[in-house]
Amino acid sequence: MNFIIRILLIGLLSYYFGYLFPWWTVVIFTTIIGFIFIDNLISQFISGFLGVLLAWVSLLLQIDIEGQSILSNKIANIFSLDTNISLIIISSIIGGLLGGIGCAFGQSIRKIFIEEKKQDPYLD
Amino acid sequence: MKKIRSILLLILLSIYLYLLNIPIRNLPPLGKFLNPYSGFWVNGLVNKFDKIQLSGLKENTTLQIDNLLIPHIYAQNDEDLYYTQGYMHAYHRLWQMEFQTIATSGRLSEIVGKKALSRDRSSRRKGLLYAAKNTFEISKKDAETLKLIQAYTNGVNEYISSLRNNNLPIEYKLLNYKPEKWTILKSFLLMEQMSDMLSRGNQDIEDTYLLGLLGKKEYDFLFPEIHDAVDPIIPRNTKFNFDKMELNRVRDTIYPQVSINYTLEKSDPNNGSNNFAISGQRTQNGYPILASQPDLSLNLPSIWYAVHLNSPNVNTMGVSLPGAPGIIIGFNDSIAWGETNATRDVVDFYKIEFKDDTRKEYSFDGKWLKTEKIVEEFKIKESESFFDTIVYTHHGPISYDKYFRGDNSKTNLAMRWIAHDASIEYKTFFKLNRAKNIKEIKEALSYFDGPAQNFAYATSSGDIGLTIAGKFPLKWKEQGKFLLDGSNRNHEWSGFLPFEHALSILNPIRNYVSSANQHPSDKLYPYYTYSHNYEYYRGRRLNERLETILSATLEDIKKIQHDNFNYRAFEILPFMLEKTDTFYLDKIEKSYFNKLKNWDYFSNPDNIETSIFETWYHFFISNLWDEFDTIKFSYRKPTNYHTFYLITNHPELSYYDILSTEKKENLTDLMNLTFKMSSDSLSKWIKTNSEDISWKNYKNTTIRHILRIKDFNISGVDIGGNKHILNAASKTHGPSWRMIVELDPKGVKAWGIYPGGQSGNPGHPNYSSMINDWASGKYEKLLFNNSPVQSNNNIVFTKTFNK
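Order-wise, the sequence lines are chains A and B. Going by numbering that gives the first Met the number 0, the residue at position 100 of the first sequence is 99; the numbering climbs one at a time, nothing skipped. Going by numbering that gives the first Met the number 0, the residue at position 797 of the second sequence is 796; the numbering climbs one at a time, nothing skipped.
Treat the hints as calculated values from the structure; they're not laboratory data. Heads up, the beta-carbon is just placed ideally off N, CA and C, and yes, glycines get one too. Honestly, I wouldn't trust all of these hints.
[Said to hold, decoys possible] Where chain B lies over chain A, by a calculated footprint (3+ residues, C-beta under 8 Å):
1) 18-29
2) 44-53
3) 84-96
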């Protein structure tokens, strides 16, 4: 449940608030979320990755459909990619990785503080 | 342990973020470029007009935008008018206008790196920035004009300051830089760019070398200044009733001898145009018609931007240059005008003798004059600055010396170019946009210095006329055709033609005026008007067409602008075919031969005869003049028309020999061999391209993005024509705007189209939206009203902005 909530939160935050701040600040949301929720680092990474990835995929699809893919096809060619879909996937993975590393980093800081209090091996 | 893990993750994160924000190889920074918030994706969304904010207005201004995205600006004073024009230019074309001024001022290396350094050095050696600064200085004295350019500048800057990272034009994102503030100087630089494109044509260095190599007799034999066939812009036998300004005769001129391996890049010799005006006597509706078609590099974003400007002082429409206020080719309620390039030679090179290697003094008229040195810094992206010292003489900047394209310390050539002189072209356009009659048109043109243009015009009161406007140096015969001696006072330009002596006609008996970059006049005009690049074909075809049309309709005019008649083929091909021996031709060659034999000389898009002819002609010319290819310095070859003249009048010339063969060929051999070469070459072409050789495929007209990004180009345009044809669409050149205006006194009507779209954004459907119609000969009727249009389906946006 914790995992799903994290994905949703990260997804919604990056979907709606990405426009208000520089694009790379996505990493700040994910670090904070990663810090707040307790889970192991791999699970944190995956939730950050999927959250941002899903948000970007849906943002990009929306933009691309509205713009009739005119520009994305041209840019895909410049990047020597076969289709604009590949470009959407690559862009989203770039964002996903940022989210994933952010979450994992947030959690790793948390781990420094909670180290002594909890001894549940499952969390580490 | 856990701390270390955090630190490692932090390092990983930092490295990742860093990599996403720096350019790798030729790619833009990936994170910056690909994110959905501010990356290139955003440029794929069509800008909403409701983002337009005009907050620097003095009075209320109404902006309407029609379905072609042409802005119709209704202002209550002229400053607001140009302010809004500046804003709209930037709104649709900011990147283009800034990029062009950066290129003109020799700063491309700042954006694209080292590869542009040579180009940048050329720009500064040509003195483009120096010219713009001179113009800026003189313009400060003309407060009225300056005020309007300032208003325009403010409008551009209003738009720039509204930009955030996300809505920067795509090219900024690709090249990873940001726009600077617009300045008045940049608007002047844009005019210098036009001069660079249109008035810098010369072969001074090449011809000097050829003169030395060939001797005067042979040089004149190969490069005559004019032919009898020419139908000049000002009709033959026109009398001039003014007293000629006298010049110092120069006897026994000795031209300095210099050869240069690579002369400065020439402006494209295909830059041309045609324009004409027909009086009401020869039109069906009884009103004058003006047509204008500037043939320039086919670029995206387009060179032109259509706009309608309305204030209590002016109601004008047409095309403008993004970066420059006003209308350049267009019409108003009372007149219409269009320009073609006048081509005349207004750039000369002077050989300078320095006193010593310090280059502080140079010899002139028996004295030593002081130079001025300016150290130019070239900032280079991802590299250290480069410095070049440019020495200025009173003639102009030293363009060639041992540090730049000259081979030794004796080669010091100063460039004297009319564009270096302070001038006030904007005043011409502000006045022309407001002119109501011939008198006001002429007054406007009297301020025009360059690039010299053939202005054709017509008025709703029934007048038609043409004036060759520009600042022209007074020259003795052959002055400036070759290198001049910078120490000899007699080699300097001794003055300028007064505007009253400019070539001009008004309401001629033949009831039309026209120009197509041909020679301006016959020998009755008492001044020397040389250019190496006058055109021999389009002007004749245009006048022949106009002669036959006695009651012109709109459709007739459209047909002239789209005329694909290949005059060059019409003249030379029968002779070439006659010389060809069909006995030795194989099956394919015979079919090509028969095709050519039955051709009607129209270079229409689907015809294959043009492809055969052009290929043959190409091989013929290159093997005819192959003797020139042995020259290691910059040179030129005889013109197309003169080649036709020579082969039809001189059956025996040593040039007919093909150097690469052992045999000594004559003209017949040359024709037969090159016909076979072209047939082989066409077969190869068909194999590699797996397409038929229809002219449109073979020519492949391409409208190129200014950065030459292949995927932003539009290629394979379905259009006929070629250079030397009225429909001058060659591979990368052609009609950059077609305009037809009917001067009905009850309301001027106009049609126009250009190969592109108002939006400069490659992600906008409008970016290339007019290309197909342009190619197939369709026009858009231009919406031209005196006040904002009420309820019209063609209007996509209307808003009144408050002060």
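Here is how each hint holds up against the structure:
Proximity of the region 18-29 of chain A to chain B, defined as three or more residues with a beta carbon under 8 Å from a beta carbon of that chain, is established by the 5 residues found. Requiring three or more residues with a Cβ within less than 8 Å of a Cβ of chain B, the coverage given for the region 44-53 of chain A is violated, as only 0 such residues are present. Given as covered by chain B, the region 84-96 of chain A passes the check, having 6 residues with a CB less than 8 Å from a CB of that chain where 3 are the minimum.
The structure is inconsistent with hint 2 alone, although it conforms to all the rest.
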